[in-house]
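The primary structure of each chain is shown beneath.
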Amino acid sequence: MAYSDKVLDHYNNPRNVGSMDKASTEVGTGIVGAPECGDVMKLQIQVEGDTIVDAKFKTFGCGSAIASSSLATEWIKGKTLDEAMAISNTEIVQELSLPPVKIHCSVLAEDAIKAAVQDFKGKNA
Amino acid sequence: MKTPIYLDYQATTPVDPRVFEAMSPYFTEVFGNAASRSHAYGWNAEQAVDIARETCGKLIGASGKEIVFTSGSTEAINLAIKGAVDMYGSKGKHIVTSLAEHKAVLDTCKHLEKQGCEVTYLKPDGTGRHSAEQVAAAIREDTILVAIMWANNEIGTINPVAEIGKVCKERGVLFFCDGTQAAGKIPVDVQEAGIDLMCVSAHKLYGPKGVGFLYVRRKNPRVRLVAQMDGGGHERGMRSGTLNVPGIVGLGVACKFAMQDLDKDMAHSIGLRERFEKRVFAALDHVYINGDKDHRLPGCSNLSFAYVEGESLVMGISDLAVSSGSACTSASLEPSHVLQSMDVGDELAHSSIRFGFGRFTNEEEVDFAADQVIDAVRKLRELSPLYEMVQEGIDLSTIDWAGH
Numbered sequence: 001m002a003y004s005d006k007v008l009d010h011y012n013n014p015r016n017v018g019s020m021d022k023a024s025t026e027v028g029t030g031i032v033g034a035p036e037c038g039d040v041m042k043l044q045i046q047v048e049g050d051t052i053v054d055a056k057f058k059t060f061g062c063g064s065a066i067a068s069s070s071l072a073t074e075w076i077k078g079k080t081l082d083e084a085m086a087i088s089n090t091e092i093v094q095e096l097s098l099p100p101v102k103i104h105c106s107v108l109a110e111d112a113i114k115a116a117v118q119d120f121k122g123k124n125a
Numbered sequence: 126m127k128t129p130i131y132l133d134y135q136a137t138t139p140v141d142p143r144v145f146e147a148m149s150p151y152f153t154e155v156f157g158n159a160a161s162r163s164h165a166y167g168w169n170a171e172q173a174v175d176i177a178r179e180t181c182g183k184l185i186g187a188s189g190k191e192i193v194f195t196s197g198s199t200e201a202i203n204l205a206i207k208g209a210v211d212m213y214g215s216k217g218k219h220i221v222t223s224l225a226e227h228k229a230v231l232d233t234c235k236h237l238e239k240q241g242c243e244v245t246y247l248k249p250d251g252t253g254r255h256s257a258e259q260v261a262a263a264i265r266e267d268t269i270l271v272a273i274m275w276a277n278n279e280i281g282t283i284n285p286v287a288e289i290g291k292v293c294k295e296r297g298v299l300f301f302c303d304g305t306q307a308a309g310k311i312p313v314d315v316q317e318a319g320i321d322l323m324c325v326s327a328h329k330l331y332g333p334k335g336v337g338f339l340y341v342r343r344k345n346p347r348v349r350l351v352a353q354m355d356g357g358g359h360e361r362g363m364r365s366g367t368l369n370v371p372g373i374v375g376l377g378v379a380c381k382f383a384m385q386d387l388d389k390d391m392a393h394s395i396g397l398r399e400r401f402e403k404r405v406f407a408a409l410d411h412v413y414i415n416g417d418k419d420h421r422l423p424g425c426s427n428l429s430f431a432y433v434e435g436e437s438l439v440m441g442i443s444d445l446a447v448s449s450g451s452a453c454t455s456a457s458l459e460p461s462h463v464l465q466s467m468d469v470g471d472e473l474a475h476s477s478i479r480f481g482f483g484r485f486t487n488e489e490e491v492d493f494a495a496d497q498v499i500d501a502v503r504k505l506r507e508l509s510p511l512y513e514m515v516q517e518g519i520d521l522s523t524i525d526w527a528g529h
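If you read the protein sequences in the order shown, they are chains A and B.
Residue 125 is where the first sequence ends in this note's numbering, and the numbering goes up by one at each step.
Residue 529 is where the second sequence ends in this note's numbering, and the numbering goes up by one at each step.
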């Protein structure tokens with residue numbers, strides 16, 4: 001399968017790889033997917049006020065899954081929680097030129113953002 | 126060193142230059158139709174086919190008269206199984222096969238199920254192997270055919286075919302064996318193994334694509350098949366169609382060199398496989414061999430790299446031409462049916478890569494390959510939330526995953 005240049009770029013130079021302190025009240029953590037399905041994404045956000053000041057990810061999955069989550073961390077940095085929640089998977093599909101069989105990777109990235117935001121909001125409710 | 130390095134010898138092999146050379150006159154000079162009886166062009170073509178036929182037989186301990194040339198293994202499988210069911214269907218409609226067979230066998234069986242056959246799909250053990258006892262227990266009064274492969278294409282596991290053949294003989298059931306991966310790679314003898322029908326493909330043993338044969342036993346018992354294609358009645362009426370003379374010549378010469386070089390090829394492939402695995406295992410933890418360590422094809426190393434997804438690993442080893450058992454590489458999104466049948470677990474099935482070594486692989490390539498694998502796995506594990514959790518001492522099986 002041929003990958004788009006952007007997928008290859010994110011795969012070869014993933015942005016914002018890493019982990020944050022799950023226990024911190026400034027951090028929201030989203031873990032989505034399942035090992036037996038072949039992809040698991042962990043996306044974490046650090047929030048000040050209602051702005052995401054930092055984001056980190058780790059992904060077990062195909063190149064498109066890695067690229068989708070890497071791109072997601074780039075996009076949500078500097079955004080408000082509401083702006084991050086508004087990111088849809090179709091934007092990720094477009095940006096990375098994902099083929100139809102890889103759309104689930106973008107869905108997973110969207111889910112990971114939402115899960116991280118919800119985790120943060122839950123902690124600070 | 127030329128990249129990508131070809132490490133997919135179970136998918137296909139390059140044509141040996143000696144084979145290519147032997148084939149070449151049969152395209153342009155000796156181009157006759159082997160069925161033409163009225164002139165030298167035909168006689169010469171027929172003579173070349175006869176020589177190839179004898180050599181093919183010799184490779185597997187059979188007579189040339191028992192060889193039916195086909196377009197390859199898939200056609201031979203269809204002819205063997207459907208042809209046997211059509212011929213012996215009045216005796217019974219039950220087939221015994223394995224969940225780990227190639228799709229050509231499984232899909233042929235599924236086709237026959239729709240036409241009223243009953244098929245028992247045996248589950249292999251954790252190494253992909255079947256015992257003769259398991260096969261014996263599945264044979265019924267109305268069983269007409271057992272279809273179990275000699276060696277598995279994904280994991281290289283070698284079945285105890287001689288024991289299975291003995292059981293089939295005792296119970297009066299035909300034994301079809303897919304010999305595609307075994308012939309030319311390990312000693313294969315249809316007499317010793319009690320095989321009645323066996324397919325072989327040229328392109329797996331350094332011959333050309335698009336040609337192979339079906340072995341059809343002529344004595345004890347004499348096996349008869351109903352042809353699956355109508356036409357000129359070539360190949361003793363079992364496979365109509367003008368013979369692919371250059372292909373058949375190539376197949377014959379490939380069989381000759383396979384016999385001649387068997388010990389050397391085996392030692393070479395086993396040496397490379399061990400060298401590769403030693404290097405990988407010395408550098409990485411949580412790597413597992415899929416298949417049977419003691420009964421494995423010389424050139425096959427199917428490894429699961431836990432906590433790393435197979436397709437992303439294939440991307441990371443872009444200088445290597447390998448196959449992945451991961452879901453994402455195929456449109457089906459299902460991981461390998463072979464690994465699933467062995468209960469490897471979907472997670473490890475998604476993390477599997479098959480490395481295949483052969484006649485033209487060298488040590489430098491193997492070392493380069495191992496190092497690239499090691500680097501890619503390390504990099505991807507840095508990215509892997511699962512590896513991180515395991516390092517933290519979390520048992521992944523206790524997590525309630527949000528599946529999708």
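One or more of the hints may lead you astray.
[Said to hold, decoys possible] Cross-link-like lysine to aspartate or glutamate pairs, in silico, DMTMM-like; alpha carbons within 25 Å at most: (1) B:Lys504 with A:Glu74; (2) B:Lys418 with B:Glu488; (3) A:Lys56 with B:Asp500; (4) A:Lys79 with B:Asp520; (5) B:Lys504 with A:Asp54; (6) A:Lys22 with B:Glu171; (7) A:Lys123 with B:Glu513; (8) A:Lys56 with B:Glu360; (9) A:Lys22 with A:Asp5; (10) B:Lys389 with B:Glu488; (11) A:Lys56 with B:Glu488; (12) A:Lys77 with A:Asp50; (13) A:Lys114 with B:Asp500; (14) A:Lys56 with B:Glu507; (15) A:Lys77 with B:Glu507; (16) A:Lys121 with A:Glu74; (17) A:Lys123 with B:Glu517; (18) A:Lys6 with B:Glu507; (19) B:Lys127 with A:Glu95; (20) A:Lys123 with B:Asp525; (21) A:Lys79 with A:Glu95; (22) B:Lys248 with A:Glu36.
[As the list claims (entries may be wrong)] Sample of chain B residues lacking proximity to chain A, with all beta carbon distances greater than 12 Å (derived): (23) Thr137; (24) Pro150; (25) Tyr213; (26) Gln240; (27) Arg265; (28) Gly297; (29) Gly335; (30) Val412; (31) Ala431; (32) Glu434; (33) Met440; (34) Gly470; (35) Glu472; (36) Ala474.
[What the hints assert, rightly or not] With the Cβ distance kept under 8 Å, some of the chain B side facing chain A (calculated, not the full set): (37) Met384; (38) Tyr432; (39) Asp468; (40) Leu508.
For the record, the hints were derived by calculation from the structure and aren't laboratory data.
Ideal Cβ positions, reconstructed from N, Cα and C, are used throughout, including at glycine.
When the least beta-carbon distance from Leu508 of chain B to chain A is tested against 8 Å, hint result: holds, 6 Å
Claimed clearance of chain A by Glu472 of chain B, with the beta carbon kept past 12 Å: violated, 4 Å
Just double-check Ala474 of chain B for me: nearest Cβ-Cβ distance to chain A has to come out over 12 Å. violated, 9 Å
Compare the distance between the alpha carbons of Lys56 of chain A and Glu360 of chain B with 25 Å, and conclude whether the hinted pair is satisfied. violated, 66 Å
Distance restraint between Lys56 of chain A and Glu507 of chain B, which requires alpha-carbon spacing of 25 Å or less: holds, 13 Å
Would the hint linking Lys77 of chain A and Asp50 of chain A be met if the CA-CA limit is 25 Å? holds, 12 Å
Lys22 of chain A and Asp5 of chain A were given as a pair; does the straight-line alpha-carbon distance stay at or below 25 Å? violated, 33 Å
Proposed proximity, Asp525 of chain B with Lys123 of chain A (alpha carbon, max 25 Å): holds, 20 Å
With the threshold set at 25 Å, check whether the alpha-carbon distance from Lys114 of chain A to Asp500 of chain B stays at or below it. Outside the cut-off at roughly 33 Å; violated.
12 Å cut-off, C-beta based - Gly335 of chain B kept clear of every residue in chain A: Nearest chain A Cβ is 25 Å from Gly335 of chain B, so the label holds.
Quick one: work out the minimum CB distance from Thr137 of chain B to chain A and report holds if it exceeds 12 Å, violated otherwise. Holds, since 19 Å exceeds 12 Å.
If you draw a straight line from the CA of Lys56 of chain A to the CA of Asp500 of chain B, is it 25 Å or shorter? Roughly 22 Å separates the two Cα atoms, so the pair holds.
In this structure, the earlier hints numbered 4, 6, 8, 9, 11, 13, 19, 31, 32, 33, 34, 35, 36, 37 and 39 are contradicted, and the remaining ones agree with it.
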